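J.: These protein sequence lines map, in sequence, to chains A and B. So that you can map any letter, position 98 of the first sequence is 385 in the numbering used here, and since no number is skipped, the others follow by simple counting. So that you can map any letter, position 39 of the second sequence is 914 in the numbering used here, and since no number is skipped, the others follow by simple counting.
Read the hints as simulated data drawn from the structure, not as lab findings. Among these hints, one or two may not hold up.
Stretch by stretch, here's where chain B covers chain A in the computed footprint (C-beta under 8 angstroms, at least three residues) [stated by the list, open to error]:
#: 1; segment: 302-308
#: 2; segment: 323-336
DSBU-like cross-link-like pairs, simulated, lysine-lysine; straight-line CA separation at most 35 angstroms [to be verified]:
#: 3; chain 1: A; residue 1: K343; chain 2: A; residue 2: K313
#: 4; chain 1: B; residue 1: K953; chain 2: A; residue 2: K387
#: 5; chain 1: A; residue 1: K313; chain 2: A; residue 2: K387
#: 6; chain 1: A; residue 1: K387; chain 2: B; residue 2: K958
#: 7; chain 1: A; residue 1: K387; chain 2: B; residue 2: K946
#: 8; chain 1: A; residue 1: K343; chain 2: A; residue 2: K387
#: 9; chain 1: B; residue 1: K953; chain 2: A; residue 2: K313
#: 10; chain 1: B; residue 1: K958; chain 2: A; residue 2: K313
#: 11; chain 1: B; residue 1: K946; chain 2: B; residue 2: K958
Calculated Cβ distances over 10 angstroms to all of chain A for the following chain B residues [to be verified]:
#: 12; residue: E890
#: 13; residue: Q892
#: 14; residue: S895
#: 15; residue: D899
#: 16; residue: P918
#: 17; residue: N932
#: 18; residue: A963
#: 19; residue: P979
#: 20; residue: V985
#: 21; residue: L986
These numbers were taken from a predicted model, which means no experiment stands behind them. Where a beta carbon is used, it is the ideal one built from N, C-alpha and C, also for glycine.
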Amino acid sequence: SQWGEENLQALSIQEGEDVTMNCSYKTYTTVVHWYRQDSGRGPALIILIRSNEREKRSGRLRATLDTSSQSSSLSITAAQCEDTAVYFCATDENNNAGAKLTFGGGTRLTVRP
Amino acid sequence: EAGVTQSPRYAVLQEGQAVSFWCDPISGHDTLYWYQQPRDQGPQLLVYFRDEAVIDNSQLPSDRFSAVRPKGTNSTLKIQSAKQGDTATYLCASSSRYEQYFGPGTRLTVL
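Okay, chain A solo, but in the shape it has when bound (with noise of 0.2 angstroms):
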């Protein structure tokens, strides 16, 4: 989990295996935003899930969201060599000014060819 950590925590995984990376957060969002940060690039969004979905899929992305638990999963089905980056979870403090974004820690995802 990568909420209230303040350091990256890191996973090494075969290509081909699935991953979980997990997001727990502490204040109430409508909104998880998941981003994908490759080295020496700004973060990308990959997929956004809203309260009222459960679950959110992108190609071999899987997001889910637990709102009564307050806590968000992304899962890459049958993880690839281009699938290492950093990824970031971010809870979403909307209001009508727009985004306001709050980043975990993140995950430094390494798929071992």
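Dock chain B against chain A, hints included.
T.: Same frame as chain A, now just chain B:
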């Protein structure tokens, strides 16, 4: 469509020196964010603007940091009298709705 651009990409300073970071958001995006990302941590919001107005600067160390977006387009983040603890990557992002688009960041090292 061009993404968010930032300059410089790298900066190395001695403690006490000043530095400015520049951000050009995606055209048409009304909201602009500045984040600080220490090594091996998640981005932490410093300040954000809607058009030229500051919406939230509560996490900006106001004694040494300042940020402006005078015409509601480009933005500058400035650090006066940098400290070693300011060593981090400074990210700019822009959005028009829920999704934030990030630039590549400026990696700052304060010696």
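J.: Hint by hint, say whether it matches the structure.
T.: Structure-based check of each hint:
1. 302-308: violated (count 0)
2. 323-336: holds (count 7)
3. K343(A) with K313(A): Satisfied, since the Cα-Cα distance of roughly 21 angstroms is no more than 35 angstroms.
4. K953(B) with K387(A): holds, 21 angstroms
5. K313(A) with K387(A): holds, 15 angstroms
6. K387(A) with K958(B): holds, 27 angstroms
7. K387(A) with K946(B): Status holds; Cα separation ~22 angstroms.
8. K343(A) with K387(A): holds, 21 angstroms
9. K953(B) with K313(A): holds, 32 angstroms
10. K958(B) with K313(A): Status holds; Cα separation ~31 angstroms.
11. K946(B) with K958(B): Roughly 30 angstroms separates the two Cα atoms, so the pair holds.
12. E890: At roughly 24 angstroms from the nearest Cβ of chain A, E890(B) sits farther out than 10 angstroms, so the non-interface label holds.
13. Q892: Check passes; 24 angstroms lies beyond 10 angstroms.
14. S895: holds, 19 angstroms
15. D899: It holds; D899(B) is separated from chain A by about 13 angstroms at its closest Cβ, greater than 10 angstroms.
16. P918: violated, 5 angstroms
17. N932: holds, 12 angstroms
18. A963: Its Cβ never comes within 10 angstroms of chain A, the nearest being 13 angstroms, so this holds.
19. P979: violated, 5 angstroms
20. V985: Consistent with the label, V985(B) stays out of reach of chain A, its closest Cβ about 20 angstroms off (over 10 angstroms).
21. L986: holds, 21 angstroms
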